[in-house]
Every structure is written in C-alpha cells, then in structure tokens.
Amino acid sequence: MHDRLQSAGVSPEIITQIGSWLESHSCQSEAGLKPLKAQYPELVFTLCSEDDMGFHEPWHSFSYFDLHLVAHNLSGCSSLTPSPEMCSGLVIALHEE
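Numbering that gives the first Met the number 0 applies: residue 0 is where the sequence shown begins, and numbers increase by one.
Simulated from the structure, these hints should not be mistaken for laboratory data. Computed from a predicted structure; not experimentally measured. Positions of the beta carbon are idealized from the N, C-alpha and C atoms, including for glycine. Don't take each hint at face value.
Quick list of simulated restraints, FRET-style, between CB atoms [claimed, not checked]:
(1) Ser23 <-> Cys76: 21 to 27 Å
(2) Leu73 <-> His94: 32 to 38 Å
(3) Glu22 <-> Ser74: 16 to 22 Å
(4) Glu12 <-> Thr45: 18 to 24 Å
(5) Pro11 <-> Val43: 29 to 35 Å
(6) Lys33 <-> Phe54: 16 to 22 Å
(7) Glu12 <-> Ser62: 30 to 36 Å
(8) Gly53 <-> Glu96: 32 to 38 Å
(9) Thr15 <-> Pro40: 17 to 23 Å
(10) Ser82 <-> Phe61: 15 to 21 Å
Whole structure, please, built from the sequences with the hints as guidance.
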C-alpha cells in the first residue's frame with residue numbers, strides 16, 4: 000500500500016486501496032487513522048457520520064462507511080469533489096447502525 004500520490008490529485012487505485020485498508024482494519028476511530036496519516040501525509044483524513052454528509056453521493060461505498068473525496072483550493076476552502084484528480088483529502092463517513 001505504498002504507491003505514490005500523483006502530484007495533482009490521487010489515483011483512483013490508491014483511493015480504492017485506502018478504502019480497502021480501512022475496511023479490512025475496521026477503522027472507526029481517529030486513532031485507527033494514524034497508519035494512513037503516516038503513510039499518506041499529503042492527504043487530509045476526516046472521520047464523521049454518514050448523517051453529516053447529507054445527500055452527497057460518495058465516491059465509493061464500503062460495508063460500514065462511505066468514502067468522499069475532498070478538494071482544497073488556494074484560498075483554504077474545502078469542498079467535496081467527484082474527481083480523484085482534484086482530491087487532496089478523504090472523508091470517511093461511518094454508516095449509522
């Protein structure tokens with residue numbers, strides 16, 4: 000899981016690998032994100048409830064969470080994006096039981 004991030008965004012394969020890693024490690028806490036934050040320091044990881052995401056479509060759904068892509072612009076604002084090429088962070092939205 001040590002592929003390189005593209006200079007402009009993240010490859011879909013890396014995003015899928017990150018999602019698969021999260022799923023296989025049942026990562027549901029900030030502490031559980033530490034290995035990913037160390038592996039991918041260029042990315043911002045945010046953990047929240049799926050309810051916090053409203054009706055936004057996830058980039059990919061996994062068994063217990065949805066993965067959303069985040070783009071940060073030069074003004075410091077963040078927004079959801081469907082584009083891996085614009086991705087600079089991931090939101091892990093945990094499903095409610």
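Against the structure, the hints:
Checked against the hint of 21 to 27 Å, the C-beta distance between Ser23 and Cys76 comes to roughly 33 Å, which is inconsistent with it. Against the hinted window of 32 to 38 Å, the Cβ-Cβ separation of Leu73 and His94 comes to about 34 Å, which satisfies the hint. Under the hint 16 to 22 Å, the C-beta atoms of Glu22 and Ser74, about 34 Å apart, miss the expected range. Roughly 21 Å separates the CB atoms of Glu12 and Thr45, a value that falls within the hinted 18 to 24 Å.
Separated by about 18 Å at the C-beta atoms, Pro11 and Val43 break the suggested range of 29 to 35 Å. Range check, Lys33 to Phe54: about 31 Å between beta-carbon atoms, so the 16 to 22 Å window is missed. A hinted range of 30 to 36 Å for the beta carbons of Glu12 and Ser62 is inconsistent with their spacing of about 20 Å. At about 19 Å, the CB distance of Gly53 to Glu96 disagrees with the hint of 32 to 38 Å.
Checking the proposed 17 to 23 Å range against Thr15 and Pro40 shows it holds: the Cβ atoms sit about 20 Å from each other. One distance hint, 15 to 21 Å for the beta-carbon pair Ser82 and Phe61, holds here, with the actual separation near 20 Å.
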